[in-house]
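K.L.:
With our numbering, the residue at position 247 of the sequence shown is 460, and numbering never jumps.
Check the hints yourself; a few may be wrong.
To be verified - For each label pair, taking beta carbons as the anchor points, the in silico distance ranges come out as:
(1) TYR277 x ASP245: 32 to 38 Å
(2) LEU244 x PRO403: 40 to 46 Å
(3) ALA479 x ALA374: 40 to 46 Å
(4) GLN307 x THR228: 35 to 41 Å
Honestly, the hints are just simulated from the structure, not real lab data. C-beta: ideal position from N, C-alpha, C; glycine also.
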Amino acid sequence: MKDTKQLNSRMDGTTICPICGCHQFALLYSLDKGALATCQECSLVSFFPVPSAEEVQAFYDNGYHDGYSQSSMAESGFAVGRYKALAQMLEIHQPTLCRKPQRSLLDVGCGTGDFLKIAQQAGWLAMGTEISQDAVNRAVSKVGNCIRQGDITVLSLPSAAYDLITSYHVIEHLLNPLEQLQECHRLLAPNGVFFVETPNIKSLGAKIRGAKWSHIIPPEHLLYFSPASLKYALHKAGFEQVLVFTSAPKTIVSTQRWPAPLQSLARQVYNLAPRFQMGAALQALAFKPAQ
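Using the sequences and the hints, build the whole thing.
P.N.:
See below:
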């Protein structure tokens, strides 16, 4: 009862799930400055209280990409690995796409352009969108003027224009995830593929660490998807054919100070987790049929 009262104190009668519109939530974790709660309809986990759009924008305009540029994700090898993994998926599930002589790619939330650069080198006519003007400025030297600054839902990009749309670790940051997924569906060409990746709230690491899971970092991450809730969201956005995967983490931060034999054992366990949809990263391929 106490947990329910704490949750209700962070919400009002207008609070709804941003995917399905449900008003019913169950407290998952109480945090220092809010709470995570699970939608009782689609199982999406959300942070409360929900910040305003202005608060979110201010967060990203306040040096957010400074930290990113110093992380391992900013290394060129990281972007190469992302592209290779995606290309392998496409080769299995949509093999004709990578062989098209002219093929277009849109990277939503492209950050400082590392993935775009690799895609361009692989022969894609690639462009990106990014809400942070600072990130766009940093990306220009890498990829040229192929990035539109702003949210894709207000950029008025052309319909059915992109063979492949990618969204790496963007959806967990959004106030309006369904609107953005619907826009990706509109922008995707017939026979096109939408790829999305986000942290997996049902991962082994999330289950072990609970409220101390490394991805619980509001207001940076506001939404936490499971395989079921991500598939629900993509269907809700108009995608009929959806494949959901999970993958093992590249690095297990929580075990880095363990003795080598225990680290090796932990790696073996984490590598098995994707077989049970409990991998650290949650990924989906959503297909748009030929018209």
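K.L.:
Take the hints in turn and mark each one as holding or not.
P.N.:
The hints, checked one at a time:
{"no.": "1", "hint": "TYR277 x ASP245: 32 to 38 Å", "verdict": "violated (20 Å)"}
{"no.": "2", "hint": "LEU244 x PRO403: 40 to 46 Å", "verdict": "holds (43 Å)"}
{"no.": "3", "hint": "ALA479 x ALA374: 40 to 46 Å", "verdict": "holds (44 Å)"}
{"no.": "4", "hint": "GLN307 x THR228: 35 to 41 Å", "verdict": "holds (38 Å)"}
In terms of the numbered hints stated before, the structure departs from hint 1 and from no other.
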